[in-house]
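Could you slot chain B onto chain Z? The hints should help.
Protein chains: 2
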Amino acid sequence: MKIEHFIAQSIGEWRSMRSGHSLAFQKFEDVTSQLVIETLSSNNNEVLKLLESNPTPETKPVCPFKISWKADSNWESSDESEVSSGSSIFVPIPTSNIDGLMLRSKGYAEAGESICKYNFLSCETLCLITKYEHSIAEERIWFASKHVRCRSSIIRTSNSKGILQTSFASEVRRLK
Amino acid sequence: MKIEHFIAQSIGEWRSMRSGHSLAFQKFEDVTSQLVIETLSSNNNEVLKLLESNPTPETKPVCPFKISWKADSNWESSDESEVSSGSSIFVPIPTSNIDGLMLRSKGYAEAGESICKYNFLSCETLCLITKYEHSIAEERIWFASKHVRCRSSIIRTSNSKGILQTSFASEVRRLK
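Taken in order, these protein sequences are the chains called Z and B.
Residue numbers for the first sequence follow my numbering, beginning at 3 and rising by one.
Residue numbers for the second sequence follow my numbering, beginning at 3 and rising by one.
So here's chain Z without its partners, still in its complex pose:
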């Protein structure tokens, strides 16, 4: 599957249920949120800025997109709930039909811009690996059906020896 097809399938509004597992502390974090995934023009100012500040050997970006989210956090053993929101720009740069690089304006495990590697597994699952300063994030995203996406993540220490956290999200498309 080409990255263009995967992104085209992902465009839309999604209702997400996400569970984070903190392995050392055996703590769960359950969050419901709203996601909007939309295409961006290749001439978009933020896309051009991201490309400028992250020079890569490959220089043919395709279908840049933006993910915006608004989350309701609900920590276990606490009555407090926080609302967080934000957005991130993504610019895929394929090296073949099944792999490539992806620029990201805001990291997942750590703040700041990041470059991740992506590849497709045989089951049309998109895998993203992002090396941050202090950690490595491995994400898998796949479609359970046309309107349901699953997304798992594993956050490792930067030496790859320890696993800090895992998470899993079920995303259901909001049909209009």
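Source of the hints: derived by calculation from the structure; they are not laboratory data.
Treat the hints with caution; some may be incorrect.
[Stated by the list, open to error] Taking lysine to aspartate or glutamate pairs in the DMTMM-like style, the calculated list, with each CA pair at most 25 Å apart, reads:
1) Z:Lys29 / B:Glu31
2) B:Lys4 / Z:Glu140
3) B:Lys148 / Z:Glu135
4) B:Lys163 / B:Glu31
5) B:Lys29 / Z:Asp74
Relative to chain Z, chain B alone:
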């Protein structure tokens, strides 16, 4: 990866954190549990009984095993916690190095014996598909590291059109 290797890696005691997502009701269920995965002899009575009651075209079972669990259930919006426990026998019957059938004495989505199909994806992820009377369960199990396993599941309606529930478990080996 052969099923024998995957099972050999899985033998031991595991501490599991599992989150279930009920998509229609947007409900989370977080459960911690203890798992024991152990090998069984091919001559074990329960293994022989399972083989007798589920005749298959392929007849070369390998490395039967048993999973026992003891769970602490903690439903959202309820102070009640239940302890559930049980065990299930599994008998893999390979048809090639990457796929085969697996007999199961107790189903995952529905009670009773079941026969599921398994196959390995390119990322050494074990996929299990089980057709029950009222539903179809798709499970993916993979090793994040030697001592951490991840397990996702999707429960569909038997006509495959609707997705009822998803779940994700992080399993950490108990080292002695």
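These are the hints, each one checked on the structure:
1. Annotation: proposed proximity of Lys29 of chain Z to Glu31 of chain B holds, straight-line Cα distance about 13 Å (limit 25 Å).
2. Restraint check for Lys4 of chain B and Glu140 of chain Z: the C-alpha separation of about 24 Å stays at or below 25 Å, so the hint holds.
3. Using a Cα cut-off of 25 Å, the hinted pair Lys148 of chain B and Glu135 of chain Z holds, with the two alpha carbons roughly 24 Å apart.
4. For the hint linking Lys163 of chain B to Glu31 of chain B, the alpha-carbon distance of about 23 Å falls within 25 Å, and the restraint holds.
5. For a cut-off of 25 Å, the pair hint linking Lys29 of chain B to Asp74 of chain Z stands: about 14 Å separates their Cα positions.
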